Structures are given as C-alpha cells and as structure tokens.
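Participant: Going line by line, the protein sequences match chains F and R. Each residue of the first sequence is one higher than the one before, counting from 1 in this note's numbering. Each residue of the second sequence is one higher than the one before, counting from 1 in this note's numbering.
Treat the hints as calculated values from the structure; they're not laboratory data. Possibly wrong hints are sitting among the right ones.
As the list claims (entries may be wrong) - Distance windows between CB atoms, simulated:
1. E236(R) with G62(F): 32 to 40 Å
2. P308(R) with P270(F): 21 to 29 Å
3. N338(F) with D291(R): 44 to 52 Å
4. D299(F) with G295(R): 45 to 53 Å
5. P170(R) with K353(F): 53 to 61 Å
6. Y351(R) with Q133(F): 53 to 61 Å
7. E236(R) with D289(F): 34 to 42 Å
8. K353(F) with E236(R): 38 to 46 Å
9. E236(R) with D169(F): 24 to 32 Å
10. D271(R) with A292(F): 19 to 27 Å
Every value quoted in this text rests on a predicted model; they were computed, and no experiment measured them. Even glycine gets a Cβ: it sits at the ideal position worked out from N, Cα and C.
2 protein chains.
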Amino acid sequence: MAYVTWSLKTLERFCSDVFETFGFSKEDSDRISDVLLTADLYGIESHGMQRMVRYHKGIEKGQIHLDAKPEVLFETPVSAVVDGHSGMGQVISAFAMEKAIEKAKASGVGIVSVRNSNHYGIAGYYAQMASRQGLMGFSCTNSEAIMVPTFARQAMLGSNPIAIAAPADPYPFFFDASTTVVTRGKLEMYNKMGKPLPDGWALDETGAPCTEAPRVLSNIVGKNGGGIMPLGGSTETLGSHKGYGWGMVAELFSSILSLGVTSNECCTFPDKTGICHGFAAIDPAIFGDADAIKGHFSDYLQALRDAPKAEGAERIYTHGEKEVAAAADRRENGVPVNDGTMVELLDLCNYLKLDFSSYFPGYEPPAEFAGFAGNY
Amino acid sequence: MAYVTWSLKTLERFCSDVFETFGFSKEDSDRISDVLLTADLYGIESHGMQRMVRYHKGIEKGQIHLDAKPEVLFETPVSAVVDGHSGMGQVISAFAMEKAIEKAKASGVGIVSVRNSNHYGIAGYYAQMASRQGLMGFSCTNSEAIMVPTFARQAMLGSNPIAIAAPADPYPFFFDASTTVVTRGKLEMYNKMGKPLPDGWALDETGAPCTEAPRVLSNIVGKNGGGIMPLGGSTETLGSHKGYGWGMVAELFSSILSLGVTSNECCTFPDKTGICHGFAAIDPAIFGDADAIKGHFSDYLQALRDAPKAEGAERIYTHGEKEVAAAADRRENGVPVNDGTMVELLDLCNYLKLDFSSYFPGYEPPAEFAGFAGNY
Chain F
1 MAYVTWSLKT
11 LERFCSDVFE
21 TFGFSKEDSD
31 RISDVLLTAD
41 LYGIESHGMQ
51 RMVRYHKGIE
61 KGQIHLDAKP
71 EVLFETPVSA
81 VVDGHSGMGQ
91 VISAFAMEKA
101 IEKAKASGVG
111 IVSVRNSNHY
121 GIAGYYAQMA
131 SRQGLMGFSC
141 TNSEAIMVPT
151 FARQAMLGSN
161 PIAIAAPADP
171 YPFFFDASTT
181 VVTRGKLEMY
191 NKMGKPLPDG
201 WALDETGAPC
211 TEAPRVLSNI
221 VGKNGGGIMP
231 LGGSTETLGS
241 HKGYGWGMVA
251 ELFSSILSLG
261 VTSNECCTFP
271 DKTGICHGFA
281 AIDPAIFGDA
291 DAIKGHFSDY
301 LQALRDAPKA
311 EGAERIYTHG
321 EKEVAAAADR
331 RENGVPVNDG
341 TMVELLDLCN
351 YLKLDFSSYF
361 PGYEPPAEFA
371 GFAGNY
Chain R
1 MAYVTWSLKT
11 LERFCSDVFE
21 TFGFSKEDSD
31 RISDVLLTAD
41 LYGIESHGMQ
51 RMVRYHKGIE
61 KGQIHLDAKP
71 EVLFETPVSA
81 VVDGHSGMGQ
91 VISAFAMEKA
101 IEKAKASGVG
111 IVSVRNSNHY
121 GIAGYYAQMA
131 SRQGLMGFSC
141 TNSEAIMVPT
151 FARQAMLGSN
161 PIAIAAPADP
171 YPFFFDASTT
181 VVTRGKLEMY
191 NKMGKPLPDG
201 WALDETGAPC
211 TEAPRVLSNI
221 VGKNGGGIMP
231 LGGSTETLGS
241 HKGYGWGMVA
251 ELFSSILSLG
261 VTSNECCTFP
271 DKTGICHGFA
281 AIDPAIFGDA
291 DAIKGHFSDY
301 LQALRDAPKA
311 EGAERIYTHG
321 EKEVAAAADR
331 RENGVPVNDG
341 TMVELLDLCN
351 YLKLDFSSYF
361 PGYEPPAEFA
371 GFAGNY
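Whenever a hint applies, use it, and build me the whole structure from the sequences.
Facilitator: Spelled out as structure tokens, the structure:
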C-alpha cells in the first residue's frame, strides 16, 4: 500500500475539524485529535487516523453518545469510579487520568476505574500524561473479546493492553503492550498481504493453532470461536497462562473495580460498547528523592542500551525509544498516511460536508480505490 | 526421581527447627517455614524446601545476615521504603507487606519498596497476605540477572516475577508468574532429564536460540552470556519486548523506587545479594461496595471456567485454581519431597546437629545418593 505524507499541523487541523463537525466541543475535538495523532507520530498506525472511520460508525450506530459527560460515581482521596455514559473514549479517559494525576499530586497515589466508555486509542497516551508531569502513570482497558484463554476455544478477554510510563532521561520509560501476542490489526495486515500468519498468533474455531488469516478473521467477526492467543501462545510451555493472567489484570482494574461490562460482553449491546478502563498515577516523591529515583532509573536504562548485543543485532532498545525516534522524524518530515485511510478521510469529508481539498490539496485516490469511495 | 511423602505438620516442625537452630527467632522461623511450605503445598517445588540448601549457603557465605532487622527509611500514609540490611528475604518481605496492608486499611492504598533483601520465596505468598484480608495484593522482586533483553546477548534482568491476588469466590484470583518465559529451575529439570530444551526458552552466549540445557546453564553460572528469554521469546514477532517490559516493571517497583541494586548487579557482592522487592495493597472499598466488586469478579471468573473448551482440553483454569487443588490434596495426603532434597535435609541435620530420624523416621537415602551425603 502506498503512503502520502502530510505535516502534523495539517492532520491536527483536519482531525479537530472532523470531530467539531460531528458535534464535539473544540476542547474535546483537540483532545481526540491529539490521542489519534500521537499514535500516528509514534508509528502505531493501527490506532491513529485510520480509526476515524470506526469512530464515525460508532457515532452513527449510537454506541458513542456525542453529548455524554463523564460522571464521578464514587471518590476518595486516592480513588474514583467514573461512569462515561458511553461518551467518546478519549474524552472520558483524559478526564479520568487528570483525576488520577490530581489525586496523586495531593495524596501520592490516584487510581481511577471507568465504566461505560468507548475505544480510547493507545493506552500509553494516558500513562504518559502522568510521566510528563513527573509521575508514574498506568493505563489499561478492556475491549471486545478477542483473546482465547488457555485451554479454551472462545475469546473471553479483549486485547486488554496495559501501559506504564515513568520519568527518565533522556527518554521516559514508556511501555504500552496488548496482553495478547498481537492485536487484531496485525492479523488484518497479513490478511491484506495474503500471507500466512506466523505460528503462535491465532486459534481456529476448535481452539487449535491456525495460520489462515481469512479464517480466523471471519470467525472473529461471526463470533464462531477462536481468536488471538495470549502473550505466551496457546500452551503453558511458552507461558500462555501468563499473558492470560496479564489480560485478567487489565480486566480487574477496568471492568471489575468499576462494576462495568467485562470483555466477554463488550460490544454486544445496540446502544453502547460498555468498554471499561483503569488509570493510576503515583508520585515518586512518596518514596523519597524523586530526582535520585529518576537518575537511578536513567542509569539502569542506559546500562540496558549499552549491554552486549546479540550477533547481528544493531541496537538494544528500552521501552519508548522507538516512539521518541519516530515522533522526532515525523514532526520534522511529516506523517505518512496510507491511501486506504486517505480514501476513508475523503468519504468522511463528503459525509460531513467538509472541503477535503482544503486540507489535502492535490490528493487524488489511486484508481484501485475508485470502487471504495462512499462505501466504507 | 523418586518421591517420599510427609505430613505438612512434620515438615513445618522440621523447617521451623532448622531456622531456629540457625539462630532466627521462633516467630521468624515460623514465617520462613510458612513461605517455603506454601510453595510445596501449591506444587511449586522449586521454591519450597529444596531451597533450604541455598539459604544455608547464603548464611554461610555471609550474604544473609541472621541478626539484621528491617528498617523503614522513608514513609508516607500510602508508602514506605524499607532497607532489609541483608536479612532473610521472607522476614523482611512479610514485614514490608504487613506495612502495605496496614496503610491500605488506613488510607486505601499502601506501596512499599524494599532494598538490600535476599531471595523471598514465591512472590504470590505476599500478594495473598493481602487477599486473605479482603484486599488486592501485589508483590514483585528482582533477582540475579537471567533474562536477556530483546536484541541482547547478556542477561540484564532477573526472572523478576510479579504476583497479583484479589478476593473472589470460591477461589481467590492468584496470579504469580516470572516475566521470563520460564525460570532457571525448569532448565535444571530438563538438564537432569538429559532432554533438549523446548524452542523459545533459552539463548546461547551469542544471543542465538539454544536448546542445549548444559551449555545454557554453564554459561549462566560462568556469566559467559546468554540466559533465558523474556515471556514472548527472543524476537518481537511473539512479543519478546512485552516480557522484557514486564520485567522492567518489576525492577521499577523493587530496585528503582528503593534506590536499590538492579538485577544486572544483584549477587555480585561478597557480603550481600542486594535483591529488592516491591509490595502493594489496595482496599477495593475505595471503589465502592467491596462485596459487589468481589461478586462481579467471581461471576466473570466462573464464566471463564464455563467457557467452551479447546478440542481435547478438559478444563479451563482461572489463576490460583491449580494451587487451591494441590494444597487441598497435600494437606490431606501429605507433601511429596524428592530424594535429592531429602539427602540435602539429612546433610543439613548433620551440619546443625539436629536428629534427622526424629523428623523422618525410617528414611534411608537410595544407594544412588551415597556419594552426595555431606557434599551439597
């Protein structure tokens, strides 16, 4: 698939305008745009602008409620439970993480569990809201069931990512990972390329390992069984029960503490997805000298980067380094957007009566996409 | 290897007596014994009585200080930093977890980071101290470097287990897992059996995958490079960076927040190991109705157990179920101890001038162990 490159400014203006036109406030539209474009800056294309079409569908179906306001149901100096009332995930999540940060600044720790939200973009965005303010940040979410527990043949957990961020020099620690071995987006990529899936990714409807992307994907859509393996594969030999356990931890902080919808029932309702999140912030100063802690962590991260490399490997990364490098490059040289997504954005402009050419002058979809216009 | 079975009571009396004879108080000896025998009850033999010989060595070498008392270096209503002064890991850890629990009961959350400790047994023991009191519990530790980061050829992190426990009916949720794909004990088991290691477990001194147990183990002992893969293997295809990331999270809560020794330097000192731990307790009541939360979690766990099984699978487990079943069986029918460990216990009795036959009447080591007596 071919890519076309646009400046971050252009994409920001476009994204914000789209969400304002849907009916969100300027502030909320900027937040949604920032979450999506942070993913694109970091090279996590699956969670960037290409998600706009899904949010559009969610709004049209009535699963995302434009006028919902997050409500605090219960609160202590170190905790809160928020009901998102099926609003936009990014708006609810920024509200909840800000609450966690505020509590961490006042009490040392803040933990916020959220129910009745929607897809919130990359988990790491919210963890990083904390680390940018010198705090440790934690974020997790459940989602439509896609992970098949060890010894099962039906998906019962979502991709359930967990992100943890902490201050360090010269890069913050930024760990953001699904608790499945891969996300559904990776399967879709292999499907588009017509390539067999790597061993250790997916299961068929009987619970047996399967490398046929079309079969696995159609089973997922039809809820016929099968799905994606937990981190660690499908048997205990490589630690399947561990990825499954981490998925449960995401569920615990999101759907369980908030008394919300667990992944096995997410996205089965006509008027909501029910998706739940968990957030936390911790002030390192509650352990003494926050600068000394940051320095100690930075030294260890440097020792990791400086460790002897495997034969043939050029570099050892610490978590978040790739994202920092990608973002620096894309701020300088522009953000690549693939033609498939560009066609979706064109459609979105037609639907919202926005002038596509005022954002993306001169762009013409390749001939292969002629049939798709208006049909996403 | 053959096993001989003893009642839990016998093993408790023996373990406590051994640690009292070393010079620990009755209370501390009972705690150490309880941690070790909980592992044996749960079927986690590698962390049970067979560890006694290693603790003996640690005391003899001067890495475990018999008379050390844990000291609180820094404290807030939600946190503490503890210096273990190289005492026995189980004693320091129970002290630290009790502090976390006390803070969680008063303030909703308690997080305690510990430096200068020693091997603490199974991570889950401490998480469960919290869940037994209706709280959510978290425990992690670093350890001698054994995990090779993605793209490296030298171990830089420990097996770095993380355990999380939470109240539920009829079984609590009890997730206790190393962040490596397996622990060193599993490699030693394959070595003893003369079997090749499964693919996806270990790396040789160049950082390439390796299934030769003797080679990997001698490299680990000689610190020649190589070691065990993170959960997710050695490449990003199966999520190696994710296991590596979870290992970093264990490091963050143990060695980083306490300004302690990171895994890459643990066990390199003559007079201490430097091992660090992290503990936390959270009162679910800070999210509203703790009983409703427990009920909601129990329902979800039941739904997981009731999900359709993979073809050929008999049962889907939730985390902690196997341990509950093993403990019930062993309390009823006795705890199996292998002959190798029995010979070590006999040696220990000779060293401490304890009457082995008063604990284990009639036990004779098999002929194959004749040469080992006195030489462990």
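Participant: Decide, hint by hint, whether the structure agrees.
Facilitator: For each hint, the structure was consulted:
no., hint, result
1, E236(R) with G62(F): 32 to 40 Å, "holds (39 Å)"
2, P308(R) with P270(F): 21 to 29 Å, "holds (25 Å)"
3, N338(F) with D291(R): 44 to 52 Å, "holds (50 Å)"
4, D299(F) with G295(R): 45 to 53 Å, "holds (46 Å)"
5, P170(R) with K353(F): 53 to 61 Å, "holds (58 Å)"
6, Y351(R) with Q133(F): 53 to 61 Å, "holds (55 Å)"
7, E236(R) with D289(F): 34 to 42 Å, "holds (35 Å)"
8, K353(F) with E236(R): 38 to 46 Å, "holds (43 Å)"
9, E236(R) with D169(F): 24 to 32 Å, "holds (25 Å)"
10, D271(R) with A292(F): 19 to 27 Å, "holds (24 Å)"
Checked against the numbered hints above, the structure violates none of them.
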